[in-house]
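For the record, the sequence lines run as chains C and U. According to the numbering used here, the first sequence is numbered sequentially starting from 1. According to the numbering used here, the second sequence is numbered sequentially starting from 1.
None of these hints come from the bench; they were simulated from the model. Remember, predicted model here, so these are calculated numbers, not experimental data. Note that beta-carbon positions come from the ideal geometry of N, C-alpha and C, so glycine has one too. Any given hint might turn out to be false.
Said to hold, decoys possible - Computed beta-carbon distance windows for the label pairs:
{"#": "1", "chain 1": "C", "residue 1": "E45", "chain 2": "U", "residue 2": "D57", "range": "23 to 29 angstroms"}
{"#": "2", "chain 1": "U", "residue 1": "S27", "chain 2": "C", "residue 2": "P10", "range": "36 to 42 angstroms"}
{"#": "3", "chain 1": "C", "residue 1": "G9", "chain 2": "U", "residue 2": "A55", "range": "42 to 48 angstroms"}
{"#": "4", "chain 1": "U", "residue 1": "S9", "chain 2": "C", "residue 2": "E3", "range": "45 to 51 angstroms"}
{"#": "5", "chain 1": "C", "residue 1": "D78", "chain 2": "U", "residue 2": "V74", "range": "39 to 45 angstroms"}
{"#": "6", "chain 1": "C", "residue 1": "E45", "chain 2": "U", "residue 2": "K17", "range": "27 to 33 angstroms"}
Said to hold, decoys possible - Computed list of lysine to any residue pairs in SDA-like fashion (alpha-carbon distance at most 20 angstroms, straight line):
{"#": "7", "chain 1": "C", "residue 1": "K42", "chain 2": "U", "residue 2": "V89"}
{"#": "8", "chain 1": "C", "residue 1": "K2", "chain 2": "U", "residue 2": "S38"}
{"#": "9", "chain 1": "C", "residue 1": "K2", "chain 2": "U", "residue 2": "F45"}
{"#": "10", "chain 1": "C", "residue 1": "K2", "chain 2": "C", "residue 2": "N66"}
{"#": "11", "chain 1": "C", "residue 1": "K42", "chain 2": "U", "residue 2": "S107"}
{"#": "12", "chain 1": "C", "residue 1": "K2", "chain 2": "U", "residue 2": "K11"}
{"#": "13", "chain 1": "C", "residue 1": "K42", "chain 2": "U", "residue 2": "T112"}
{"#": "14", "chain 1": "C", "residue 1": "K42", "chain 2": "U", "residue 2": "K11"}
{"#": "15", "chain 1": "C", "residue 1": "K42", "chain 2": "U", "residue 2": "S73"}
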Amino acid sequence: QKEVEQNSGPLSVPEGAIASLNCTYSDRGSQSFFWYRQYSGKSPELIMSIYSNGDKEDGRFTAQLNKASQYVSLLIRDSQPSDSATYLCAVKGYLRSYIPTFGRGTSLIVHP
Amino acid sequence: GAGVSQTPSNKVTEKGKYVELRCDPISGHTALYWYRQSLGQGPEFLIYFQGTGAADDSGLPNDRFFAVRPEGSVSTLKIQRTERGDSAVYLCASSQDRVSDGYTFGSGTRLTVV
Numbered sequence: 001q002k003e004v005e006q007n008s009g010p011l012s013v014p015e016g017a018i019a020s021l022n023c024t025y026s027d028r029g030s031q032s033f034f035w036y037r038q039y040s041g042k043s044p045e046l047i048m049s050i051y052s053n054g055d056k057e058d059g060r061f062t063a064q065l066n067k068a069s070q071y072v073s074l075l076i077r078d079s080q081p082s083d084s085a086t087y088l089c090a091v092k093g094y095l096r097s098y099i100p101t102f103g104r105g106t107s108l109i110v111h112p
Numbered sequence: 001g002a003g004v005s006q007t008p009s010n011k012v013t014e015k016g017k018y019v020e021l022r023c024d025p026i027s028g029h030t031a032l033y034w035y036r037q038s039l040g041q042g043p044e045f046l047i048y049f050q051g052t053g054a055a056d057d058s059g060l061p062n063d064r065f066f067a068v069r070p071e072g073s074v075s076t077l078k079i080q081r082t083e084r085g086d087s088a089v090y091l092c093a094s095s096q097d098r099v100s101d102g103y104t105f106g107s108g109t110r111l112t113v114v
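So that you can see chain C by itself, here it is in the shape it has in the complex (with noise of 0.2 angstroms):
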């Protein structure tokens, strides 16, 4: 089992539409999680960072983590099509020294 898993997509959604992007990790010690958005040919860019059960709101972006069944998810309400990309979701913990262990990213399209 990889320690952070995403379903590599695409993931594709109409323009106006909520796209919900997943991610589940192995190592229940982790304490930290992040969403990276990543532009084709450019390095990724930090977008959401959530660190306790439940919702985390910004702007139209929502990361929703719960812990118990090891989830965390991103949540692009009003989808654009310059969201278009690929979401990296990267997990910390105690068990890797808090150095970010990532999945391989879902490809997002958002078509007008």
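Add chain U to chain C, keeping to what the hints say.
Chain U alone, transformed into the frame defined by chain C:
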């Protein structure tokens, strides 16, 4: 500086040659990380520096790879006897707090071994 700076942005080298990739982190960030990203994959951890010392080099694939950070700021990733399989984007990131912070990545160095 304002962001993480990596040079060169692109490097093409012949198989068997030696290359150096440079990373200049955000001023004041004590934690520095090197990752490698192949096409269609997430970043793969290589090495982590806390200050001048390599706190964790467990991700380095073999002894052809080495990295230094002599003064606790700029870091250089060195690859000896390059192989075609080393071709990837090499990403550097820095953070102020290794436990809670997310990263700021540099723009990466695309290494192509021909």
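Consistency of the hints with the structure:
no.	hint	verdict
1	C:E45 / U:D57: 23 to 29 angstroms	holds (26 angstroms)
2	U:S27 / C:P10: 36 to 42 angstroms	holds (38 angstroms)
3	C:G9 / U:A55: 42 to 48 angstroms	violated (34 angstroms)
4	U:S9 / C:E3: 45 to 51 angstroms	violated (30 angstroms)
5	C:D78 / U:V74: 39 to 45 angstroms	holds (42 angstroms)
6	C:E45 / U:K17: 27 to 33 angstroms	holds (32 angstroms)
7	C:K42 / U:V89	holds (10 angstroms)
8	C:K2 / U:S38	holds (17 angstroms)
9	C:K2 / U:F45	holds (14 angstroms)
10	C:K2 / C:N66	holds (18 angstroms)
11	C:K42 / U:S107	holds (7 angstroms)
12	C:K2 / U:K11	violated (31 angstroms)
13	C:K42 / U:T112	holds (16 angstroms)
14	C:K42 / U:K11	holds (16 angstroms)
15	C:K42 / U:S73	violated (23 angstroms)
The structure is inconsistent with the numbered hints 3, 4, 12 and 15, although it conforms to all the rest.
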